[in-house]
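**Q** Letter by letter, the chains look like this.
Protein chains: 2
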Amino acid sequence: MKIAVIGAGLIGQAWALVFARAGCEVRLWDGDAAALARSRVLVGELAAELAGSGLVRNAGELVARVATCARLEDALGGVDYVQENLPEVLALKREIFARMDAIAPAAAVLASSTSSIPASAFTEELAGRARCLVAHPVNPPYLIPVVEVCGAPWTGSDTIDRCQALMLAIGQKPVHVRKELEGFILNRLQGALLREAFRLVEQGYVDADGLDTTVRDGLGLRWSFIGPFETIDLNAPGGLADYCGRYGGLYQSIAKEQTSTEPWSPELVARLHAERRALLPAEALGERRTWRDRRLMALALHKQAAGKETT
Amino acid sequence: MKIAVIGAGLIGQAWALVFARAGCEVRLWDGDAAALARSRVLVGELAAELAGSGLVRNAGELVARVATCARLEDALGGVDYVQENLPEVLALKREIFARMDAIAPAAAVLASSTSSIPASAFTEELAGRARCLVAHPVNPPYLIPVVEVCGAPWTGSDTIDRCQALMLAIGQKPVHVRKELEGFILNRLQGALLREAFRLVEQGYVDADGLDTTVRDGLGLRWSFIGPFETIDLNAPGGLADYCGRYGGLYQSIAKEQTSTEPWSPELVARLHAERRALLPAEALGERRTWRDRRLMALALHKQAAGKETT
Chain A
6 MKIAVIGAGL IGQAWALVFA RAGCEVRLWD GDAAALARSR VLVGELAAEL AGSGLVRNAG
66 ELVARVATCA RLEDALGGVD YVQENLPEVL ALKREIFARM DAIAPAAAVL ASSTSSIPAS
126 AFTEELAGRA RCLVAHPVNP PYLIPVVEVC GAPWTGSDTI DRCQALMLAI GQKPVHVRKE
186 LEGFILNRLQ GALLREAFRL VEQGYVDADG LDTTVRDGLG LRWSFIGPFE TIDLNAPGGL
246 ADYCGRYGGL YQSIAKEQTS TEPWSPELVA RLHAERRALL PAEALGERRT WRDRRLMALA
306 LHKQAAGKET T
Chain B
6 MKIAVIGAGL IGQAWALVFA RAGCEVRLWD GDAAALARSR VLVGELAAEL AGSGLVRNAG
66 ELVARVATCA RLEDALGGVD YVQENLPEVL ALKREIFARM DAIAPAAAVL ASSTSSIPAS
126 AFTEELAGRA RCLVAHPVNP PYLIPVVEVC GAPWTGSDTI DRCQALMLAI GQKPVHVRKE
186 LEGFILNRLQ GALLREAFRL VEQGYVDADG LDTTVRDGLG LRWSFIGPFE TIDLNAPGGL
246 ADYCGRYGGL YQSIAKEQTS TEPWSPELVA RLHAERRALL PAEALGERRT WRDRRLMALA
306 LHKQAAGKET T
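Line by line, the protein sequences are chains A and B.
Per this note's numbering, residue 6 is the first one in the first sequence, and the count goes up by one each step.
Per this note's numbering, residue 6 is the first one in the second sequence, and the count goes up by one each step.
Calculated directly from the structure, the hints in this document are not laboratory data.
Remember, predicted model here, so these are calculated numbers, not experimental data.
Ideal Cβ positions, reconstructed from N, Cα and C, are used throughout, including at glycine.
Take these hints with a grain of salt, some might be off.
In silico DSS-like cross-links for lysine-lysine, where the CA-CA straight-line distance does not exceed 25 Å [said to hold, decoys possible]:
| id | chain 1 | residue 1 | chain 2 | residue 2 |
| --- | --- | --- | --- | --- |
| 1 | B | K178 | B | K261 |
| 2 | B | K261 | A | K308 |
| 3 | B | K7 | B | K98 |
| 4 | A | K261 | B | K178 |
| 5 | A | K98 | A | K184 |
| 6 | A | K308 | B | K184 |
| 7 | A | K178 | A | K7 |
| 8 | A | K178 | A | K308 |
| 9 | A | K178 | B | K308 |
| 10 | B | K98 | B | K184 |
| 11 | B | K7 | A | K184 |
| 12 | B | K7 | A | K308 |
| 13 | A | K308 | A | K184 |
| 14 | A | K313 | B | K178 |
| 15 | A | K313 | A | K178 |
| 16 | B | K261 | B | K7 |
| 17 | B | K178 | B | K308 |
| 18 | A | K261 | B | K7 |
Ranges of calculated distance between the beta carbons of each label pair, as one might list FRET restraints [what the hints assert, rightly or not]:
| id | chain 1 | residue 1 | chain 2 | residue 2 | range |
| --- | --- | --- | --- | --- | --- |
| 19 | B | A40 | A | S270 | 47 to 53 Å |
| 20 | B | Q309 | A | L173 | 46 to 52 Å |
| 21 | B | Q208 | A | A241 | 49 to 55 Å |
| 22 | B | T264 | A | E314 | 51 to 57 Å |
| 23 | B | D79 | A | P242 | 46 to 52 Å |
| 24 | A | L306 | B | P242 | 35 to 41 Å |
| 25 | B | A132 | A | P286 | 35 to 41 Å |
| 26 | B | A287 | A | E288 | 51 to 57 Å |
| 27 | A | Q309 | B | E66 | 48 to 54 Å |
| 28 | B | R43 | A | L173 | 42 to 48 Å |
| 29 | B | L273 | A | S121 | 48 to 54 Å |
| 30 | B | P271 | A | G57 | 49 to 55 Å |
| 31 | A | S270 | B | V46 | 52 to 58 Å |
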């Protein structure tokens with residue numbers, strides 16, 4: 006497969022790595038020549054780091070599959086699939102999709118990494134709008150495999166199918182979002198939980214560290230290998246319906262206290278930020294992000310091994 | 006430390022294992038003599054299984070630290086801490102706490118495993134009410150370490166401190182819930198996320214399997230070793246406050262669509278149940294629960310190892 010990655014920032018680099026790791030031939034394009042030159046070096050560094058942990062077999066071969074192209078025409082020529090990663094600005098998306106649709110082979114799928122703009126907002130006028138969709142990754146996609154696949158109303162079902170098949174083939178986990186909606190699935194679930202988390206701290210029931218402990222040493226453990234529906238399906242003798250019969254009343258009663266749509270107040274945000282800084286000084290944020298990514302790598306390897314052993 | 010475990014069902018057995026694994030001397034009591042006799046055998050089987058995975062060192066020594074007592078007086082004599090696990094019936098909690106308060110040494114802490122009844126509902130009239138509280142585990146506590154510690158308004162701060170210190174000493178992760186509230190912290194967070202999950206399926210955006218994939222291959226990964234607050238703190242250059250500045254508007258906009266407090270409809274529950282049964286037949290539920298517990302064991306070992314390597 007030949008893949009064009011459009012936009013060579015952090016997300017573009019990560020996609021280049023994901024596609025090249027799976028054996029695809031990748032062409033990376035960016036309007037900024039210096040950023041483009043730098044990006045290939047950064048993909049190499051990333052690949053070497055992943056090779057050290059065992060998540061990439063041969064970093065040199067991987068990087069050899071990534072070419073940079075100064076001209077968009079060169080990047081798009083003969084490709085099967087395009088993954089776009091420009092900044093989250095509607096005008097930029099409109100412009101680049103118009104160019105991509107004019108240049109790329111008619112059979113190529115055109116996907117955007119956007120997390121906040123629906124495909125319908127930048128593809129309606131295009132001749133090839135049926136081949137356009139959103140394939141929203143989670144950062145960084147080489148460690149977090151889920152990809153939210155969401156078309157506009159005019160996206161062809163074959164486009165959805167081909168995008169999902171490609172994602173599966175390269176080791177990602179596509180989730181089909183059947184209609185456009187703000188935040189897709191992942192951020193809506195995150196938002197629902199965060200909203201209650203902020204409220205519980207604001208009302209004095211728990212501090213930020215206690216809340217994080219509740220998730221990392223409790224709620225988050227099962228969710229890291231079975232989702233919320235399978236979790237409740239296994240948590241009552243008769244499965245999901247039995248669980249809903251037993252605990253639906255409790256959750257409905259709780260729900261009545263979870264309806265505030267007030268924005269998080271500046272005081273609350275400042276208080277939580279101060280608590281975080283007491284736990285982790287600002288100057289240690291970068292180091293902690295590196296630690297987080299090492300933990301994500303270790304977790305990815307663990308899940309690979311555990312999946313083989315126990316399914 | 007001498008510990009009494011009152012009620013020898015699944016949760017009582019699990020607590021006996023957790024305390025004995027940490028070297029405590031455990032006395033297990035149950036009003037049902039047959040259940041009591043069976044429970045010690047089951048603790049032994051559980052310990053042997055955990056020993057096989059490396060989460061218990063010496064199953065024989067562990068079980069030797071668990072004694073069963075036919076009389077409540079024998080179980081409570083000379084203990085430092087009592088963990089109660091009777092059925093979730095207020096009258097039963099009231100009766101057993103009155104008996105425990107009358108019999109147990111004055112210095113012993115009296116904790117209930119209840120997930121749904123606040124300590125204030127069954128301790129108000131007791132002479133020793135200051136030493137009573139809830140220590141709510143997640144099932145099974147030998148694999149999921151979080152324990153929600155929540156007192157009544159009259160619970161002594163030393164009682165809270167001693168309970169938390171004991172939980173830390175035996176390898177659990179206590180979270181102090183500072184005021185009584187329905188569902189404590191964990192189930193309120195779970196409820197908030199489930200509510201949006203049910204809604205997203207009901208409105209046709211995603212199916213149950215896609216939603217589970219979004220969590221198990223996306224949202225749940227970071228949450229299994231850092232909580233939701235640390236996750237957002239690391240997800241913007243300037244930390245949590247920066248994150249709220251960037252994405253608070255998105256979450257507030259989404260929140261306005263997440264306010265329904267309608268119960269999950271029978272049709273929706275039936276549809277989700279049917280989808281789960283298509284993925285996992287009813288007769289395979291038991292086997293899958295065993296698989297889940299093996300995965301939790303493997304995850305616990307992974308987290309122990311990763312914690313040593315990377316912190």
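**Q** Hint by hint, say whether it matches the structure.
**A** Hint check results:
A distance of roughly 34 Å separates the Cα atoms of K178/B and K261/B; the hinted pair therefore is violated under the 25 Å criterion. This hinted pair does not check out: K261/B and K308/A have alpha carbons roughly 36 Å apart, beyond 25 Å. For a cut-off of 25 Å, the pair hint linking K7/B to K98/B stands: about 22 Å separates their Cα positions. The suggested pairing of K261/A with K178/B is violated, with an alpha-carbon distance near 29 Å, which exceeds 25 Å.
At roughly 20 Å between alpha-carbon atoms, K98/A and K184/A fall within 25 Å of each other, so this suggested pair holds. Among the hinted pairs, K308/A with K184/B is inconsistent with the structure: their alpha-carbon atoms are about 37 Å apart, more than 25 Å. The hinted pair formed by K178/A and K7/A meets the criterion: a straight-line CA distance of about 20 Å does not exceed 25 Å. The suggested pairing of K178/A with K308/A holds, with an alpha-carbon distance near 14 Å, which does not exceed 25 Å.
Between K178/A and K308/B, the direct Cα distance comes to roughly 23 Å. Compliance with the 25 Å bound is thereby established for this hinted pair. About 20 Å separates the Cα atoms of K98/B and K184/B, which keeps this hinted pair within 25 Å; it holds. This hinted pair does not check out: K7/B and K184/A have alpha carbons roughly 58 Å apart, beyond 25 Å. The straight-line distance between the Cα atoms of K7/B and K308/A is roughly 38 Å, outside the 25 Å bound, and the hint therefore fails.
Of the pairs offered as hints, the one joining K308/A and K184/A is violated, with about 30 Å between alpha carbons and a cut-off of 25 Å exceeded. Distance check on the hinted pair: K313/A and K178/B sit about 30 Å apart at the alpha-carbon level, beyond 25 Å; violated. Distance restraint check for K313/A and K178/A: the Cα-Cα separation of roughly 17 Å lies within the 25 Å cut-off, and the hinted pair is therefore satisfied. About 51 Å separates the Cα atoms of K261/B and K7/B, which puts this hinted pair outside 25 Å; it is violated.
Between K178/B and K308/B the CA atoms are separated by roughly 14 Å; this keeps the pair inside 25 Å, and the hint holds. Proposed proximity of K261/A and K7/B is contradicted: the alpha carbons are some 42 Å apart, above 25 Å. Distance hint check: the CB atoms of A40/B and S270/A are about 51 Å apart, consistent with the given range 47 to 53 Å. For the pair Q309/B and L173/A, the supplied restraint of 46 to 52 Å is violated, since their beta-carbon distance comes to about 32 Å.
Between Q208/B and A241/A the beta carbon distance is about 25 Å. The supplied range of 49 to 55 Å is therefore violated. Take T264/B and E314/A: their Cβ atoms lie about 43 Å apart, and the range 51 to 57 Å is violated. The hinted window of 46 to 52 Å between D79/B and P242/A is violated, with their beta carbons roughly 33 Å apart. Range check, L306/A to P242/B: about 28 Å between beta-carbon atoms, so the 35 to 41 Å window is missed.
Between A132/B and P286/A, the C-beta spacing of about 47 Å breaks the proposed range 35 to 41 Å. At about 54 Å, the beta-carbon gap between A287/B and E288/A stays in the expected band of 51 to 57 Å. For Q309/A paired with E66/B, a C-beta distance near 35 Å fails the hint of 48 to 54 Å. For the pair R43/B and L173/A, the supplied restraint of 42 to 48 Å holds, since their beta-carbon distance comes to about 47 Å.
For L273/B and S121/A, the Cβ-Cβ distance of about 28 Å falls outside the hinted range of 48 to 54 Å, so the restraint is violated. For P271/B paired with G57/A, a C-beta distance near 53 Å keeps the hint of 49 to 55 Å intact. Under the hint 52 to 58 Å, the C-beta atoms of S270/A and V46/B, about 55 Å apart, fit the expected range.
Hints 1, 2, 4, 6, 11, 12, 13, 14, 16, 18, 20, 21, 22, 23, 24, 25, 27 and 29 from the list above are not met by this structure, while the remaining hints are.
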